[in-house]
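Colleague: Taken in sequence, the protein lines are chains E and S.
Here the working numbering is used: the first residue of the first sequence is 1, the next is one more, and so on.
Here the working numbering is used: the first residue of the second sequence is 1, the next is one more, and so on.
Each statement offered as a hint is correct.
Since the list can't tell identical chains apart, any single copy or any two copies may satisfy a pair.
In the DMTMM-like style, the derived pairs of lysine to aspartate or glutamate whose C-alpha atoms are separated by at most 20 Å in a straight line are: (1) Lys353 - Asp393; (2) Lys356 - Asp113; (3) Lys285 - Asp4; (4) Lys285 - Glu143.
Hints listed in this document are in silico derivations from the structure and should not be mistaken for laboratory results.
2 protein chains.
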Amino acid sequence: MDLDRALESLLAAAQPLAETQWVDTFEADGRVLAQHLVSALHVPPQDNSSMDGYAVRCADVQTASPTHPVCLPVSQRIAAGHSSQSLQPGTAARIFTGAPLPLGADAVVMQEDVGTETTADGASMVRFSTAPAVGQWVRRAGEDVCRGAQVLAAGTRLGPAELGLAASLGLARLTVCRRPRVALLSTGDELVMPGAVAPEAMPPGAIYNSNRFFLRAMLVRLGCEVTDLGIVPDSRSATVQALADAAHSHDLILTSGGVSVGEEDHIKPAVEHLGGLDLWQIAMKPGKPFAHGHIRRTGGAHGQAHFMGLPGNPVSSFMTFVLLVRPFVLRLQGVTDVACPSQVLPAHFSVVKADKRREFLRVRRNLHGGLDLFSNQSSGVLTSAVWGDGVVDNPAGTTVSHGDAVRYLSFADLLA
Amino acid sequence: MDLDRALESLLAAAQPLAETQWVDTFEADGRVLAQHLVSALHVPPQDNSSMDGYAVRCADVQTASPTHPVCLPVSQRIAAGHSSQSLQPGTAARIFTGAPLPLGADAVVMQEDVGTETTADGASMVRFSTAPAVGQWVRRAGEDVCRGAQVLAAGTRLGPAELGLAASLGLARLTVCRRPRVALLSTGDELVMPGAVAPEAMPPGAIYNSNRFFLRAMLVRLGCEVTDLGIVPDSRSATVQALADAAHSHDLILTSGGVSVGEEDHIKPAVEHLGGLDLWQIAMKPGKPFAHGHIRRTGGAHGQAHFMGLPGNPVSSFMTFVLLVRPFVLRLQGVTDVACPSQVLPAHFSVVKADKRREFLRVRRNLHGGLDLFSNQSSGVLTSAVWGDGVVDNPAGTTVSHGDAVRYLSFADLLA
Chain E
1 MDLDRALESL
11 LAAAQPLAET
21 QWVDTFEADG
31 RVLAQHLVSA
41 LHVPPQDNSS
51 MDGYAVRCAD
61 VQTASPTHPV
71 CLPVSQRIAA
81 GHSSQSLQPG
91 TAARIFTGAP
101 LPLGADAVVM
111 QEDVGTETTA
121 DGASMVRFST
131 APAVGQWVRR
141 AGEDVCRGAQ
151 VLAAGTRLGP
161 AELGLAASLG
171 LARLTVCRRP
181 RVALLSTGDE
191 LVMPGAVAPE
201 AMPPGAIYNS
211 NRFFLRAMLV
221 RLGCEVTDLG
231 IVPDSRSATV
241 QALADAAHSH
251 DLILTSGGVS
261 VGEEDHIKPA
271 VEHLGGLDLW
281 QIAMKPGKPF
291 AHGHIRRTGG
301 AHGQAHFMGL
311 PGNPVSSFMT
321 FVLLVRPFVL
331 RLQGVTDVAC
341 PSQVLPAHFS
351 VVKADKRREF
361 LRVRRNLHGG
371 LDLFSNQSSG
381 VLTSAVWGDG
391 VVDNPAGTTV
401 SHGDAVRYLS
411 FADLLA
Chain S
1 MDLDRALESL
11 LAAAQPLAET
21 QWVDTFEADG
31 RVLAQHLVSA
41 LHVPPQDNSS
51 MDGYAVRCAD
61 VQTASPTHPV
71 CLPVSQRIAA
81 GHSSQSLQPG
91 TAARIFTGAP
101 LPLGADAVVM
111 QEDVGTETTA
121 DGASMVRFST
131 APAVGQWVRR
141 AGEDVCRGAQ
151 VLAAGTRLGP
161 AELGLAASLG
171 LARLTVCRRP
181 RVALLSTGDE
191 LVMPGAVAPE
201 AMPPGAIYNS
211 NRFFLRAMLV
221 RLGCEVTDLG
231 IVPDSRSATV
241 QALADAAHSH
251 DLILTSGGVS
261 VGEEDHIKPA
271 VEHLGGLDLW
281 QIAMKPGKPF
291 AHGHIRRTGG
301 AHGQAHFMGL
311 PGNPVSSFMT
321 FVLLVRPFVL
331 RLQGVTDVAC
341 PSQVLPAHFS
351 VVKADKRREF
361 LRVRRNLHGG
371 LDLFSNQSSG
381 VLTSAVWGDG
391 VVDNPAGTTV
401 SHGDAVRYLS
411 FADLLA
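Generate coordinates for the entire structure from the input sequences, incorporating the hints supplied.
Modeller: Here's what the structure looks like:
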């Protein structure tokens, strides 16, 4: 099974959740907008000054030059957040950054470019030595956002800048998709939870469960509510029971381990019994076995829960998550653009033996603008994903020579 | 003031917080490790199979070929998580992925590569048509991590992969730096909180406060505890009072707006009164005014709080945060490597007029491997930071031609 086709098939099954909720704009980081945001105002709301200085009518100072400066009396003082009167012809207004331009003024002269003096009777005068251009240091009303413009589309994932933009339009609350509810469980008698058994007391064959730790963290980053259902014993009946229970109150059940065709794997028959399952051998490395299916809700509940089974090897689990589960979970929340951006960078390493599968090599950007390869590309431990800051997506059957342009996906993008 | 020098000066002042705390590994995403992590075990703990198949002594099957296969009886069955006995010479062991290799075995043959049969008396036999290489499909004990090896250094910021790695070493809790406590306040009579006044009822000169929304979200992402102190009125006494109060219980006081030298700015004299302040005109665009100082704690409390003042324009505030405050806040938590990684990508735009300041242009990666420029580089609104996915760091006095290699910083990296 080709990875792109697998993703396409998953996304086709990811019907966005219909329920939405209102959240404080302050609390909306990482959530997905459920309706278009249309601006109810101009930004900036009115013409205003982008400098501290003096607002003028250009006509009044058009003859100003260093040899023949023009002096005008200061007729008002306008601070940011305060209102202004019309500018009397033949006068200037003291004005500060962000303050509204008085009616009639058509330019601002920076305070650094003028001279000031006080007349004998105490009046403030300002001296202009150059003629300003119309519009100088003026930010026009609606220059950044026009009233009625759509500023964010439904299906946009909100980050800090989006929250700031929404706030600048006066929006204290936003409608977002509800959080997907994800049940996480691991299978495998060999798994022991950290803390349950000390390293020196680990029985032969036992390994610590690490997948749940990074899977949970990644799901939380993606905006999910995660229920940790623990380690399911390697038995058919325990597996069926755990899955049926989880289906009731979750949108997605995610497992790691137990999806290969070995005699010891109980997930496949259990999910087939409760709904349906496609087991894919995805042509990717690390990754390969991946299961997708559904579990029908019983006992009065309606609908079904999605099921996804990841491989048990940590790096395989990590990579299939970011490449397949991440876009699926985003689409569940209505995100339109779920593709991870990539860039083309030079390999500062070589791969002399082509793999027959599309391979995701753990790499790190170096200070010379290139990518270094982690020496141990084993899928058994996460050291490569800790050392690396991304992966190179290397097509099947392809070697890499030093200097080749390769396709790089950063973990910062994949984990955002 | 040069940006790099400003950063250097800030980092020199950022004494890492001394207090640490224990947190569940499950809850440690985004936190900073306060001590080196040393592995108490080998990963994998013992030699194990990386395939479902049969474990053998290579010597027993070295003559196997398609024309002269070697048949061995199956003497045991080893599932993952279960222990094994020594492999009797002249026999094979049924073995599953992750299961410990029996003593004496030195290779695994994939189940896809063998034939199986059952003898008349019910014994299982397995037929090998090729001779395996020693070590084939065997993951060696300690191959990924050796007992005693340092796997993560103090000062590492923990992400999903780091949590998984720590868990795989049996660590249920981790020592991390305590969260920095940051007080956030805005100044400016022109600011109105979203929700307080409807767009159609906004008084002249008023604008919505948007900076607090993205600053808070970015601080939370960086692991900070954020106290929102609201909008401080544009008066000297109110500003002094707000700052003195905040200094008591916070490590950093962050303001936006009110740091230029205008007559209407009260932050500068207030911080000077309470401690000390450096006001920098940083040679960057957008950004420019940036203040750094300290506020002495009074009334029995000892020490001082850091103070940073960001410009009020949203994009200037956003950019000075990611370039200056972000590394500072990470260093407060003991992060050693606070530099944001960058990469060199081709500009698919041009900048014909060089700016005298180093400029951070809002850009977006396109599907052709290049960068597109946002049309409106105004610092007044966040649309550029919403449309873009990063910035180009364009040196002072530099034009850009289509196709030029430019230095790109992604928001995913800057906001992680």
